[in-house]
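Trainee: For reference, the chains in residue letters:
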Amino acid sequence: MPDRPMLSIENVSKYYGIYKALDDVSLQIGEGEFFSLLGPSGCGKTTLLRSIAGFDVPTNGEIRIDGVPCTLLPANRRPTNMVFQNYAIFPHLDVGENVAYGLKRLRLGAAEERKRVSDALDQVRLTGLDKRKANELSGGQRQRVALARALVMRPKVLLLDEPLSALDKKLREQMQVELRSLQKAVGITFILVTHDQYEALALSDRIAVMFGGRIAQIDTPKEIYQHPRTRKVADFLGGMNFLQAKLLGDHSGNVSVETSRFGTINLSKPQGFTAANGHVTVGIRPERLRLLWDEERAPHELTGRVENRAYFGEVTYLTIGVEGLEQPLSMVETNDYGADDLPIGAEIRLAYDPDAFVLLVEDEAVSRVG
Amino acid sequence: MISPTLLYALALLLVPVLLVIAYSFWTQNYLEIDRTFTFENYRLALTEPIYRDLFVRSLWISLLTSAITVGFSYPIAWYISFHGGVHKNLWLFLVTIPCWTSYLLRVMSWKVILGYGGVLNTGLMSAGIIDQPITSLLYNANAVVITLVHSWAAFAILPIYVSLQKIDRSLIEAARDLGDTPLRAFMRVTLPLSMPGVISAFLIVMIPTVGDYVTPKLVGGKDGVMIATAIQAQFGKGANWPLGAALSVTTMVLVSLAAAVIVLSLRYGVRRLR
Amino acid sequence: MLQRMRLLPFLPIYVAVYFVFLYLPILLLPVFSFNNAATTTFPLAGFTTKWYASLWGNTVLLEAARNSLMVGICVSLLSTTLGICAARAITRYRFRGQHPATGLIMAPLFLPEIIVAVSLLMITLQLGLELSLLTVILGQVVFCIPYSMSVLVSGFEGFDRSLEEASYDLGETAFGTFRRVTLPVVAPAIVSSLLVTFTISLDEFILAFFLSGTEPTLPVYIWGQLRFAAKLPAVLALGSLMIVASVLLLTTAEVLRRRAERRTQAALGH
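In order, the protein sequences belong to chains G, C and D.
Under numbering that gives the first Met the number 0, the first residue of the first sequence carries the number 0, and numbering increases by one thereafter.
Under numbering that gives the first Met the number 0, the first residue of the second sequence carries the number 0, and numbering increases by one thereafter.
Under numbering that gives the first Met the number 0, the first residue of the third sequence carries the number 0, and numbering increases by one thereafter.
Don't read these hints as lab results, they were simulated from the structure.
A quick note: this is a predicted structure, and the numbers were derived from the prediction, not measured.
Wrong hints could be hidden among the right ones.
[As the list claims (entries may be wrong)] Straight-line C-alpha distance at most 25 Å; calculated DSS-like pairs for lysine-lysine: (1) G:K114 - G:K183; (2) C:K216 - D:K49; (3) C:K221 - D:K230; (4) G:K132 - G:K155; (5) G:K155 - G:K130.
Chain G on its own, in the form it takes in the complex (with noise of 0.2 Å):
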């Protein structure tokens, strides 16, 4: 939890009709800190950016920036500014003027003004391209310019509605490095809504994870990635292999349970977890598979065979059916050894580190966390 929330959300819930865009959700976002909300379409994400920025009105709930509450302010009241979607570039307007639209009101004086524009240009590396016309830009350049026009404001929050989706991949990349180091640069806090889980892995302090109006997780990217709470962030966030395990024993902090080819496995427990039945759901990330060669040996080993094989370049993902599992393993492995030429029918032995598995909730379980 950060040490001064600049954002909080208490209980922010939004109804169309009996439809919950937004159910109950609260969480709290540090000053500088680059936050991202991850989910599939329609899980609310949008809709809260949009309670953020003051789109939207919250049905119940509190949005408190930087301690003032300002659930019913209107947008153009709030300390925040958005970059939307699809830009929203001002059509009339040349770059300068789109960039200058909010300072207008702001009557800072010509000069103040003129600097504020060019030092925001020169921030995202469109330095004197003030006269360019709207419709002379290029997919990556109007995503600067709506950038420009937020940050020349100095908002307290900078809201990002999937800035990047319309860029192709190669300028996506590189845009990704940009928007991470400017954040770094400007200090500003940043929200994030994006669908694309790599994109969230990568630039976030922090992520929500976001399923049916209800945030699933809040993490740091890496503990997002390796200890997803529930089934369905760990399918969102890559793949991963779930298995059926019977509980054994549960103690204060860890739990044990019996699979039927790996064994006893210890393991923590995560936050909210109850066993239903004595039965819980585990999952392990295929990376966290090897193959072993020839003599190598390891302590914790599987023998299984390959039922299908894709070839990624660097990497093959191999489909590993094993006796006495309902459903077969996937993993990926590095072409190094020649992973790519097994034979789809090969028998291979496989090691894996029982501390890899995490125990997962089941997702009708959820509550609110945050």
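With the hints as your guide, set chains C and D onto chain G.
Mentor: Structure of chains C and D alone, referenced to chain G:
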């Protein structure tokens, strides 16, 4: 936001039309209006031979006009949509320009062209193609149809063009890929998919032309008189508003029925193409 | 794909013939308006501008022109204002009863004009009002709103809500947003609508004929002159001027409409 416009349309379109309908069930006694409900005006409108003839002729002319307009306009719309290149908007603009200029002046111009001593006759005579002026050009139903087809060309081209533009070109390629000749692909894919445009073109030409006043008056002569002249007469010197109202309502009902029949048969016809 | 159709080579010829048919009547009027003869016959009898000169001294005509101008300005302002309200509602919101409401507003496109004229005439006289230029204006507005709306809807359609949101987000008020974003972006469409509706009003005959009372507009004046064969050349000259005016107004409207379209599309990165 729509409310001011809607209120305006209610007050100056719906209410007046309702008043016309109300009047059509009343009777005129000299300067007094007798508000007892009666079908007398409709009986008159439907049985009196002059009105019956006018209805039949008006419907026939509007039907013919819309069929010809749609038929002649379809290839133009198709050409612009499929071969208009980057200047589609310019093409459309050029098509619409003549239709935006004064309707009265265009009808007048046709009178000048088709008249006994008109452009066509004197032109053909001075070119030595004919010796005597052709008298059958002006003052008949044909002249009315020619003039109306000219007036309404753009109104037919635009809806057809819009529906052609909406057709995903890969659908036509798919039909070709599945073995259709270009003509068969056109008949089985393009034409059926452009049918909404054809239908609205038909309606947008047919319904207004049935009540056209200027064209029959100027180029129709005795054989080209249409129902609008009779309606106008009821509001002029021999004023009989209820009869005029009944004639107006009957015109609308008849043309709507005719339009419904056309729409249904066009839809049915297209289904047969598959 | 249809290049191989055998009919296709003839299509450009057909298109050319069609355009001749479309433009012939429009171009003939100016030709004869400069012809030094009182009849419209070939061969032409030599060049003159006397028919145009004769227009100037005609006070009745000038009065009609003044009426037309007045009516045209009022109609274009009123119908564009009402068109803006409706077009904005249609492109922006989905609401109950939208289809019947739009249908009613667009109905004049699908109605015989004489029925609109007759119904307005009846209600005016029923209410005991005098026929005047005011009744012409009110009637022509009904008829112009559908056209105004079509022009405006195409201009507003590309106008994305996010532009206004961006403006609020940057601290602008609702009024300021309208003044600094909404209005400038849709201005070309609005001007285009003004020009189109002005042109329609200028050329409109039926409603003016039924509703104008003793004050004729230009088309009503022309209608009156058509009975006199001797006045035909002067009418042709007047008609030619009106056609030129219409074409100029419409070309301007088209250029503006397309600029508006390009602009709104540019904003969305299409």
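Trainee: Compare the structure with each hint and give your call.
Mentor: Now the hints, each set against the structure:
Pair hint K114 (chain G) plus K183 (chain G) holds up; C-alpha atoms about 22 Å apart against a cutoff of 25 Å. In summary, the hint linking K216 (chain C) to K49 (chain D) is not supported, as the alpha carbons are separated by about 29 Å, beyond the 25 Å threshold. At most 25 Å may separate the alpha-carbon atoms for a hinted pair to count; K221 (chain C) and K230 (chain D) meet this at roughly 24 Å. The suggested pairing of K132 (chain G) with K155 (chain G) is violated, with an alpha-carbon distance near 29 Å, which exceeds 25 Å.
For the hint linking K155 (chain G) to K130 (chain G), the alpha-carbon distance of about 28 Å lies beyond 25 Å, and the restraint is violated.
The structure shown violates the earlier hints numbered 2, 4 and 5.
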